[in-house]
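K.L.:
This is what each chain is made of:
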Amino acid sequence: MPPTLNPSAFTTPHATGMMLEGVRLQRGNTVVFDGLNLQLNQPRIGLIGDNGAGKSSLFRVLCGLDEPQTGRVLVPEGPQAVGMMFQNPDDQIIFPTVEEELALSLQHLQLTRTQAQQQVRERLHARGLGAWATRAIGSLSQGQRQHVCWLALTWCAHEVLLLDEPFASLDLPGQALLTQEIAKAPQQVLVSTHVLTHVRHFERVIWLDHGRVRADGAGAAVCAAYETDVASRAVVA
Amino acid sequence: MNTPTSTFSLALVSLFAALIAVLGLIPKIDLPLGVPITLQTLGVMLAGCLLGPKRALQALGLFLMAVALGLPLLSGGRGGVGVFFAPASGYLLGWPLGAFVTGAVMAVMPTGTPRQSAISAFVASAVGGLLVVHVCGVVGLVYIANLSWQQAAIGTLAFVPGDLIKCALCVTVVHTVARGVPDWRFGG
Amino acid sequence: MRSLYSDRPTWLHRVPAGLKLLALALLGMGLFAIPQWQVLALVSGACIGIFISLGSATRHTKPLMVGVLVAGALVAGFHLALAQPVLAAVTVMRLISATLMGIALTLTTRYSDLLHVFEWLLMPLQKLGVRTDRVALQLALMLRFTEHFFVTWRRLDEAYRLRTGKSGGFKILAPLTIQMLITARRVADALTLRLRRKPLNL
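Protein sequences, first through last, are from chains A, B and C.
Be aware that the first sequence starts at 1, since it is given in my numbering, and climbs by one per residue.
Be aware that the second sequence starts at 238, since it is given in my numbering, and climbs by one per residue.
Be aware that the third sequence starts at 426, since it is given in my numbering, and climbs by one per residue.
For reference, chain A alone in the conformation it holds in the complex (with noise of 0.2 Å):
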């Protein structure tokens, strides 16, 4: 039986909180999900898996890159309800320049170009990377790169956080200082990661195995359980 539904408790606005329902994902040949259901509402979700367990595609269906062939997705209201930043910086950056970047992001502000531009400079200023504005951005190292990507993220009018595997190209500083912004950011924050130890301490933490969904609880134990089956697998191969 498919868990009843409270439609409001979703599409209020400012409600956190999302729901697949029943979804099923085919691209192509493949079939990626087949009868998917999963309520999304604690503020910090890990997911974790193999490649190709259907991680990033869980992400697409949710920002709504991609439409499942049956089946419901309810996320809050608003075309920029749910953002996703992207495992590439390269892949998502627009602009030329940093404050060109991260204006766009002020879009839904309203503000003129020169207005948007100062607000710019003094949130960078307040965060000691005034610096940073007229910068080119292939003058930044990969790691400056993915941080100009979170704060374009943040402050968009997001609800929800969709973060793609982001700690794959930092160094450990980088995943410091990432995985202490995560921690303070007020938005419903998911992450997709291989790198089990920023997503332990999450309240919870879905496995995902095969486009199902294999274990899903606090986030030590399942994080355990699927770092065993891994170690497991490298026996027997």
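There may be inaccurate statements among the hints.
Said to hold, decoys possible - Pairs of lysine to any residue residues, derived as SDA-like cross-links and limited to a Cα-Cα distance of at most 20 Å, are as follows:
1) C/K596 to B/F359
2) B/K291 to B/S246
3) B/K265 to C/I597
4) B/K265 to C/R586
5) B/K291 to B/L330
6) C/K487 to B/P264
7) B/K291 to C/L547
8) C/K487 to B/R315
9) B/K291 to C/R610
Unchecked claim - Pairwise CB distance ranges (calculated):
10) A/T70 to B/K265: 51 to 61 Å
11) C/L587 to A/P43: 46 to 56 Å
12) B/G399 to C/M454: 26 to 36 Å
13) B/F396 to A/S141: 39 to 49 Å
14) A/A218 to C/D432: 53 to 63 Å
15) C/D538 to A/D34: 50 to 60 Å
16) A/L177 to C/L587: 57 to 67 Å
Simulated from the structure, these hints should not be mistaken for lab results.
Bear in mind the structure is a predicted one, so any value in this text is a computation, not a measurement.
All residues carry an ideal CB built from backbone N, CA and C; glycine is no exception.
Following the hints, position chains B and C against chain A.
P.N.:
Chains B and C alone, transformed into the frame defined by chain A:
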């Protein structure tokens, strides 16, 4: 897919214009016989073959606009509206038209297999990237440099061998793309 | 990447971009409509004078100047070889006048100011369905990725050099093109998310 085709076209046009700019930034390539060629006109042919007529036209239009705005994107670090008054400006203005024609020809030719795509690419780039561009160039030479039609026609022939080599290079790229990205729709 | 605009202020910097563009267009048309070499000589003199009056702003124009001089010399030589000195003079004077004034415009006009003029000129195309409001975005996207693809080219070339000991040359073009096509799909996704104004239909 919820990514609208219009956004994909937007991205494709801009990124291809960037590719043409890069072709101008790379120093002249030396071919096996030590013949140096600039690759930028190859960008015209590739645009038509890969993007289809409409998007190829937009990509070249965007590129020329960037040049007109003062960016040194033509090979040799040239740019600004002044380049459109030079004798060779007929060729420049022929690029968007050449890309469009290349794309139009590619769209009606067979592209089912990599081999078919390669042959079609040669025909398309020869008609659009070579013939059309040279015709525009000749018009430019007649009106800006005051050459007679015969003089201009003979003068432009000097560049045809080099451009035929670029058609061949275009073919190799199209062939590789056809193999590497099998679901790519040539001709837009 | 550095535009050819010069930071050193001149009197021409203060003239509005649209006015300069219009003047250049009129000059261009006028030059090619006038056959008398005496008039052209006067006009050329004025243009050269204007160019020189820009002073130190013309510092970095060497590539452009070389191009103009080479083209001028070739054309002049061509006509002189055919014993047509007047035609040579007329052609060269037109060339130099128009190109110098074009360079002067580029040196003294900000990218953003000129872009505003171009966007205004493109507005009639909106009736044909051309999205002129996206032009600024597409230019920015193009500039952003020019640098990126240049770096990608160098990386691919280095990898090739490490394996073969020689520069890749045109062999790198195909892998770079494929990279570009793949990146375009991802960039389109990111754009869809950041530019989205209509609600999702879920």
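K.L.:
Given the hinted pair B/K291 and B/L330, is their alpha-carbon gap at most 20 Å?
P.N.:
Judged against 20 Å, a Cα distance of about 16 Å means the pair holds.
K.L.:
Take the C-alpha atoms of B/K291 and C/R610, compute the straight-line distance between them, and say whether it is at most 20 Å.
P.N.:
holds, 18 Å
K.L.:
Tell me if the straight-line CA distance from B/K291 to B/S246 falls inside 20 Å.
P.N.:
Holds, at about 10 Å.
K.L.:
Do the beta carbons of C/L587 and A/P43 sit within 46 to 56 Å of each other?
P.N.:
47 Å Cβ-Cβ, so the 46 to 56 Å window holds.
K.L.:
Given the hint of 51 to 61 Å, check if A/T70 and B/K265 actually sit that far apart at their C-beta atoms.
P.N.:
This hint holds: roughly 57 Å between Cβ atoms.
K.L.:
B/K265 and C/R586 were given as a pair; does the straight-line alpha-carbon distance stay at or below 20 Å?
P.N.:
holds, 17 Å
K.L.:
Starting from C/K487, check that the Cα of B/P264 is at most 20 Å away, please.
P.N.:
holds, 17 Å
K.L.:
Does the structure keep C/K487 and B/R315 at a Cα separation of 20 Å or less?
P.N.:
holds, 10 Å
K.L.:
Could you check the hint for me, namely that C/D538 and A/D34 are 50 to 60 Å apart, CB to CB?
P.N.:
holds, 56 Å
K.L.:
Can you let me know if the beta-carbon spacing of A/A218 and C/D432 is within 53 to 63 Å?
P.N.:
The hint (53 to 63 Å, Cβ to Cβ) holds, given that A/A218 and C/D432 are roughly 59 Å apart.
K.L.:
Looking only at beta-carbon atoms, does the pair A/L177, C/L587 fall within the given range of 57 to 67 Å?
P.N.:
violated, 33 Å
K.L.:
Given the hint that B/K265 pairs with C/I597, test it: the Cα-Cα distance must not exceed 20 Å.
P.N.:
Cα-Cα ~14 Å, so holds.
Hint 16 from the list above is the single one not met by this structure.
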